[in-house]
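Full structure from sequences and hints, please.
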Amino acid sequence: MAVLEVQNLSVNYLTDDPSAGSGRRGAALRAVEDVSFSLEQGRSLGLVGESGCGKTTAMLGVLRLLPAEGRIVSGEVRYEGVDLLRLSEREMRKYRWSKMSIVFQGAMNALNPVRKVGDQIAEPLMLHGAATDKKEASERVSELLEMVGIIPEMARQYPHQYSGGMRQRAMIAMALSCSPDILIADEPTTALDVMIQAQILDLLQNLQQELELSIILVTHDLGVVAEICDDVLVMYGGKTAEYASVDTIYNEPLHPYTQRLLQAFPDVDSPTSTLASIPGYPPPLDALPPGCRFEPRCHCKSDVCAVESPPLVAVKPGHYVACHPEHLER
Amino acid sequence: MEQFAALLTEIWRTFRLRPMGIVGALALLSVVFVAIFAPWLAPYDPDERIDVEPGDLLAPPDAEHLLGRDDAGKDVLSQLIYGARVSLTVGFVASFMSMFIGTTVGLVAGYYGGRIGNALMRLVDFLLVIPHLPLMLVLISMWGRGLWKIILVIGLLGWIYTARLVRSQVLSIKERQFVLRARAIGAGSLRIIARHVFPQVLPLILAEAVLSVSGAIIAESSLSFLGLGDPTLVSWGMMLNFAFERAISRMAWWFLLPPGFAIVWVSLGLVLMGSTLEEIVNPRLKTHHLFDARRMVALVTGARPKDFGELSRGLEAEGVAE
Chain A
1 MAVLEVQNLS VNYLTDDPSA GSGRRGAALR AVEDVSFSLE QGRSLGLVGE SGCGKTTAML
61 GVLRLLPAEG RIVSGEVRYE GVDLLRLSER EMRKYRWSKM SIVFQGAMNA LNPVRKVGDQ
121 IAEPLMLHGA ATDKKEASER VSELLEMVGI IPEMARQYPH QYSGGMRQRA MIAMALSCSP
181 DILIADEPTT ALDVMIQAQI LDLLQNLQQE LELSIILVTH DLGVVAEICD DVLVMYGGKT
241 AEYASVDTIY NEPLHPYTQR LLQAFPDVDS PTSTLASIPG YPPPLDALPP GCRFEPRCHC
301 KSDVCAVESP PLVAVKPGHY VACHPEHLER
Chain B
1 MEQFAALLTE IWRTFRLRPM GIVGALALLS VVFVAIFAPW LAPYDPDERI DVEPGDLLAP
61 PDAEHLLGRD DAGKDVLSQL IYGARVSLTV GFVASFMSMF IGTTVGLVAG YYGGRIGNAL
121 MRLVDFLLVI PHLPLMLVLI SMWGRGLWKI ILVIGLLGWI YTARLVRSQV LSIKERQFVL
181 RARAIGAGSL RIIARHVFPQ VLPLILAEAV LSVSGAIIAE SSLSFLGLGD PTLVSWGMML
241 NFAFERAISR MAWWFLLPPG FAIVWVSLGL VLMGSTLEEI VNPRLKTHHL FDARRMVALV
301 TGARPKDFGE LSRGLEAEGV AE
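These protein sequence lines are chains A and B, in that order.
So in the working numbering, spot 255 of the first sequence is number 255, and the numbers just go up one at a time.
So in the working numbering, spot 137 of the second sequence is number 137, and the numbers just go up one at a time.
Just so you know, the hints here were simulated from the structure itself, not pulled from any lab data.
Incorrect hints may have been included.
What the hints assert, rightly or not - Result set (BS3-like, lysine-lysine): computed pairs, CA atoms no more than 25 Å apart in a straight line: (1) B:Lys174 x A:Lys94; (2) A:Lys116 x A:Lys134; (3) A:Lys135 x A:Lys116; (4) A:Lys116 x B:Lys174; (5) A:Lys134 x A:Lys99; (6) A:Lys316 x A:Lys301.
In this text the structure is predicted, and so the values were computed from the model without any measurement.
Written as structure tokens, this is what we have:
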């Protein structure tokens with residue numbers, strides 16, 4: 001059974017309408033629309049897409065940590081059968097971190113600068129009863145830090161005394177402190193140099209095997225996804241473009257966006273070939289195209305694409321594509 | 001207990017490296033000492049009835065009366081020593097009260113915002129536009145004169161700027177990522193405020209508290225000046241006002257200057273100590289690159305100030321020091 005099942009999750013951002021005066025609600029921006037996926041125990045899902053396509057918003061929605069303007073308008077987030085969206089805030093707090101934890105984008109800023117790193121890692125332990133007293137908590141903190149390759153003595157230091165990579169690892173240690181089932185890693189390696197990136201990814205992979213973690217990896221690095229993930233969900237403009245296993249995505253991508261995305265990535269086999277970029281920009285949320293979200297940038301569009309949004313269909317078991325069928329016959 | 005000891009060590013380590021902090025602490029402690037041991041230190045009892053001769057009124061300092069006498073023939077030094085009790089009590093208690101209210105209001109208004117926040121800030125705006133001194137006058141004349149009533153009035157009106165300051169800081173802090181992370185680990189609002197937001201505004205509150213203590217002492221003087229002080233007690237403010245009314249025209253500087261200097265002495269001590277305390281609650285300040293390189297090395301290695309000479313020679317050799 002899947003540990004996490006997300007069905008038709010839609011998230012809107014409410015905006016202030018400047019013409020209606022402050023405080024009045026303007027149009028709702030559809031940041032995430034109808035995203036569904038399921039995550040099995042011990043497997044990992046890659047969430048891929050350009051900046052601003054709703055990856056982070058979808059993950060914050062799953063944890064119900066959206067900013068005040070964000071609203072989950074429909075959908076279900078089932079953790080072991082429990083719909084998290086129907087829980088009260090108090091009940092939801094018990095699920096956070098103990099079942100599902102997150103390493104934020106730019107995780108190095110997620111540490112409180114005026115508190116010692118060890119104390120911060122100990123905080124969720126005490127909060128969720130994973131440690132009963134301070135002594136036990138500090139022992140566990142030492143273990144966790146050692147696990148991510150930081151000497152335990154550094155627990156007594158402040159975040160500014162850590163390097164960027166160490167802070168990132170400290171955040172991973174913190175994310176694993178309550179032995180969650182699911183780890184959401186939101187671009188865990190952005191802003192790190194290549195050596196540290198590789199270390200962090202190795203670390204994640206090893207921990208996954210050791211702890212039977214399920215990982216959702218949010219990234220735009222397709223190379224990382226190929227290495228780590230079992231399934232891939234490609235998002236575009238807030239919607240699912242393609243959802244399949246990693247082999248299918250890399251070997252027989254069907255959605256034009258996925259195809260172009262893969263071409264835009266360097267290939268080891270033909271290192272001299274020029275990279276193809278996708279002309280244009282992702283659609284702004286306040287001016288989404290009426291038909292397919294990718295239509296304005298698509299290289300194989302037809303008339304129907306501009307008026308009708310293609311539904312997400314299963315072309316094979318486990319391979320979902322949102323593209324008009326006539327384009328899939330290639 | 002262990003943590004408390006660690007905090008004390010931390011305070012000592014920081015103060016040891018900042019001579020100005022020690023000077024400030026000593027300045028403040030000296031006044032506290034004087035206030036506590038006033039009956040033993042003061043050469044005369046201020047309540048004692050004395051037989052005054054015309055020549056004693058506003059007599060200049062001499063061997064018997066080190067700071068001369070006031071217009072009623074009483075010893076100025078004794079008044080100054082006893083006045084420390086009143087002024088310090090007013091300063092610290094009223095300031096603590098206004099800091100407490102201001103911080104609470106600021107945290108709540110800033111963190112929760114919405115209707116509660118709006119209501120609180122409108123109350124602040126309301127209190128802000130009413131001139132304080134007339135309001136204090138009205139309140140005191142309604143409640144009657146007395147030390148604790150004065151403290152209450154000063155404390156209840158002094159929190160407004162703190163509340164605004166704290167709120168604006170909280171508005172920015174609550175958008176920081178570590179607050180989102182605190183929510184992600186399953187912390188509730190109260191815990192986030194106490195553990196993550198409050199420590200961040202603490203330096204601000206500390207700086208504000210330092211100013212507010214001297215502000216409260218001065219507010220008490222203003223009330224005394226207008227004849228609304230506690231008539232049974234001598235405070236520095238009261239002395240200033242008597243001196244202002246009766247001594248200036250007779251050039252009796254020994255009555256005017258001591259209470260003024262005493263207020264400056266306390267304020268200065270607080271400011272000097274405050275900046276050092278700020279370093280303790282804001283650990284980043286300590287290892288800031290703009291700081292003295294010798295001090296940073298001393299903090300890391302635990303060297304003593306007297307080793308600084310050697311340290312800086314070593315650093316110069318390494319090309320670190322200026």
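Results for each hint:
1. Under the criterion of a C-alpha separation no larger than 25 Å, the hint pairing lysine 174 of chain B with lysine 94 of chain A is consistent with the structure, at around 22 Å.
2. For the proposed pair lysine 116 of chain A and lysine 134 of chain A, the alpha carbon gap of about 14 Å is at most 25 Å, so the pair holds.
3. For the proposed pair lysine 135 of chain A and lysine 116 of chain A, the alpha carbon gap of about 16 Å is at most 25 Å, so the pair holds.
4. Between lysine 116 of chain A and lysine 174 of chain B the CA atoms are separated by roughly 19 Å; this keeps the pair inside 25 Å, and the hint holds.
5. In summary, the hint linking lysine 134 of chain A to lysine 99 of chain A is supported, as the alpha carbons are separated by about 22 Å, within the 25 Å threshold.
6. Annotation: proposed proximity of lysine 316 of chain A to lysine 301 of chain A holds, straight-line Cα distance about 22 Å (limit 25 Å).
Going through the hint list in order, the structure satisfies each hint without exception.
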